[in-house]
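Student: Same order as they appear, the protein sequences are chains A and B.
Under our numbering, the first residue of the first sequence is numbered 1, with each subsequent residue one higher.
Under our numbering, the first residue of the second sequence is numbered 1, with each subsequent residue one higher.
Note that these hints are calculated values from the structure, not bench results.
A few of these clues could be false.
[To be verified] 20 Å max Cα-Cα, derived EDC-like pairs, lysine to aspartate or glutamate: (1) B:441 with A:92; (2) B:417 with A:250; (3) B:387 with A:214; (4) B:417 with A:108; (5) B:407 with A:214; (6) A:156 with B:488; (7) A:87 with B:400; (8) B:449 with A:92; (9) B:124 with B:38; (10) B:190 with B:244; (11) B:162 with B:400; (12) B:417 with B:314; (13) B:387 with A:250; (14) B:387 with A:209; (15) B:441 with A:94; (16) B:327 with B:345; (17) B:441 with A:100.
These numbers come from a predicted model, not from an experiment.
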Amino acid sequence: MKNIIRFSFLIFVFIIVLNIQAQDYQSYFQAANNAYRQQNYEQAIELYQNILSQGYHSKEVYFNIGNSYYRLNRIGEAILYYEKAQKLDPRDGDIQYNLELANLRVIDRIELPPRFILFEWWDNLKLFFSIQQLSRLISILFALTVFCLILGLFNKRYRLRRWFLYFSAVAGLLTIFGVYILIIRTGELKEVHWAIVLSPTVTVLSAPDENSTDVFLLHEGVRVSLNEDRGDWVKISLPDGKSGWMKKNDIGII
Amino acid sequence: MSRYYLVVILLILLSAGNSHEQEIQLNALVNKNPVSVDEQFVYSVEITGSSQNLPNVDLPDFSDFMVVGGPSTSSSFQIINFKVSASKTYTVYLMPRKAGTFKIGEAKAVFKGKTYSSSTIDLKVNQQDAQTKPSQQAPSRKQDQQSNDLSDVVFLKVIPTKRTIYVNEEVGLSYKIYFRTNITGNEILKLPEAVGAWIEEYPTPQRPQIFNETINGLQYNVAEIKKVAIFPSKAAKLTVSSMDMLVDIMVRRQRTRDPFSVFDDFFSDPFGQVVKKKLSSGELELNVLALPETGKPGNFSGLVGNFNIQSSIDKETLPTNDALSYKVKISGTGLLRYLNQIPVEFSPDFEVYEPKINESINKKEDRISSTKEFEYILIPRVAGRQKIRSSSLSYFNPVDKKYYSLKIPEYNIEVTKGKDMAVGVGSGTVLSKEEVQLIGKDIRYIKEKLSDLRMIGEMPFHSWWFYLSFTLPTLLLGVAWMYRNHLEKMSTNISYARSRKAHKQARGRLNQARTAMKQGKTADFYAAISSSLIGYVSDKTNRPAAGLLRSDFLHLLQHAGVTENLQNNFLNCLDEADYCRFAPGDITSEQMNEFYKQTEKVFVELEKYF
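Chain A on its own, in the form it takes in the complex (with noise of 0.2 Å):
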């Protein structure tokens, strides 16, 4: 009893730590809200940092600082903002607007076959929560499906015990599959890491080595997949299939 009672204080004391930082932050933002709203917005990307170098994210701030950027015309940093914060929330109609915008000011176009309609069915559904909502998703379907599951067992008419373990049974089956997603979506962001070329210019070359041969050449705000990373040297590769080595420092990983 007593630990409970200790454990339960931890706890209070932890939210009420959480609140107070959590306050401290909506003020940088609010600050960082009113730079931008004076045009301020160099200053503002600052402030909005300032969150960020804290441990603290959320897509607001990755937002805003994105629109900082816009404003700015440095559109690769503008995009690599915009997509950090539609990594948090894949289905934000702003962001994605946003970055929609800005892609269309990116000289490379990176043309692409159509894909198989069922790949591309699967990668919406995949993306169509954020692994925030999905996780809870997942604990609300869990606790239906235990919530079913004793409804059947413990009702006494026989076809609405039927109805609830079907019920359960499905919900059940989403659960599985919900943290099935979630694992996918966990490995790709620990192995899939993409970036957006921040130089204006970059050139592509062959091998991680000053004097090897281009291959291609890049524009600012190009999304591209890393593959591989050797000290100041990262190795790119376009959707399209092309890829080479450039230096780490053209780039911003989201």
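Once you've looked at the hints, dock chain B against the given chain A.
Tutor: Below, chain B without anything else, positioned relative to chain A:
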């Protein structure tokens, strides 16, 4: 030649009296018939009459022949014995085009409404004689010299710098005229031609230099009349057609048994006669070799000669959308005519215009040298460090038979962001329908509220609620499962049900006992206690309550492993309850209460064993 007209004039003079009635007479004649193909002849028409105003003569069509000179006219007017006689002679120098028999038509003149015409002449043209055929060999002295064969006096010769050459290598052809007499004029009739080769002419000097050369003991004056450069374009035998020309030469008159030679001597030019002579250089065969395959660079574009390259850019730093000029100049000996572009690749960030090409050919030296300048105008559309990559141009040097490569260096250009940015969209991009609708739109406004601030890198499964949301329902399910099992057992397993209910029932009976005690119903109290004790053990052991003897209880308790003390306590309680139930004496409420507590204690103890 003039002797012929003298003859004619003489004849006319002699016959003047006879021709009195005829007012006008037309007389056509040639100085030679037959003639050979390359031989020049004279056609003349004389019109004579007694009028002072002789009409003009319409000359016949000479389309079968080459008109080498003329027509020229000469006229004379005489009064002999009060008779007026006038004559006018039209002279045309002709040369046949080909062998065969040709008809020279009538010459016509209209005089006082009457048309007069001369007779037609059938001219026979023979094939060229062997001797007169021009050749590169010096004409032999032993040759039978005919009156018009002047091939050892004057001839045309072509001298190539080389006979075996590579494709696109220059071969210079020098056309030299050899002569031992005075040449008063020359005219080139046909320039050399070659199928499958580019021919570049050197300018002809106004006054060719004249050298001396001795061939077969004869001394000739030699003058270079024409120089051309030939660049064969394919590896095969190349035939260069002959160059033909016409020269006016002075020929010393030769003595013949001509009856009019007396007059000839008298009238002829003291230096000789002027004769037109057609010269032909003859065809020339050249052997053209293909370029060697060994060491041929991959980017070889067919340049042959000896070249060098120069390149430049006009600025190294410029803003976007400004123009940059990139020049590459190639120069050297050889032909650059076929070089249409330089193998340089520009970054797609540059808008590149068609190059401005300046080509010049220098023919002043012995060999043809050319210069070609490519000027590219580049407009950088994207800011950043841009470069024009280095490239190379290779050529074959026929002198040492090797391939060489010319390197155009790399240029680094710093492109700064220009002020006039293109409206929103990068150049050269194709937009989709959806994208087109977005052009000109502005971004959506910043988010005002911070809804969800999280630690960077925090995952939902790092939070306690996530795990709780799994463990709590699982526990609940476990409990529910156990409870359900219990319920099932209760309904199906009697011994389990009795055993599970035993405590509850015993408790119920004890409560009955308690109420009885409070009401002072002594018998009821002891009956309830007794039944609770018997019921409890029989339920726990699943025995029928009725018919259980005291010894049976002892046995059952022993079987359950109950201590002897407790066995005794149990039996004592049972005995006392039975005794007091049936023989109620003076039992105080204190006694009952004591007994009740004692029984309760026994139950508590028994719970440990069942």
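Student: Next step is simple, just say for each hint if it's right about the structure.
Tutor: We went through each hint and held it up to the structure:
no., hint, result
1, B:441 with A:92, "holds, 18 Å"
2, B:417 with A:250, "holds, 17 Å"
3, B:387 with A:214, "holds, 11 Å"
4, B:417 with A:108, "holds, 17 Å"
5, B:407 with A:214, "holds, 18 Å"
6, A:156 with B:488, "holds, 12 Å"
7, A:87 with B:400, "violated, 67 Å"
8, B:449 with A:92, "holds, 14 Å"
9, B:124 with B:38, "holds, 13 Å"
10, B:190 with B:244, "holds, 5 Å"
11, B:162 with B:400, "holds, 15 Å"
12, B:417 with B:314, "holds, 19 Å"
13, B:387 with A:250, "holds, 17 Å"
14, B:387 with A:209, "holds, 17 Å"
15, B:441 with A:94, "holds, 13 Å"
16, B:327 with B:345, "holds, 14 Å"
17, B:441 with A:100, "holds, 11 Å"
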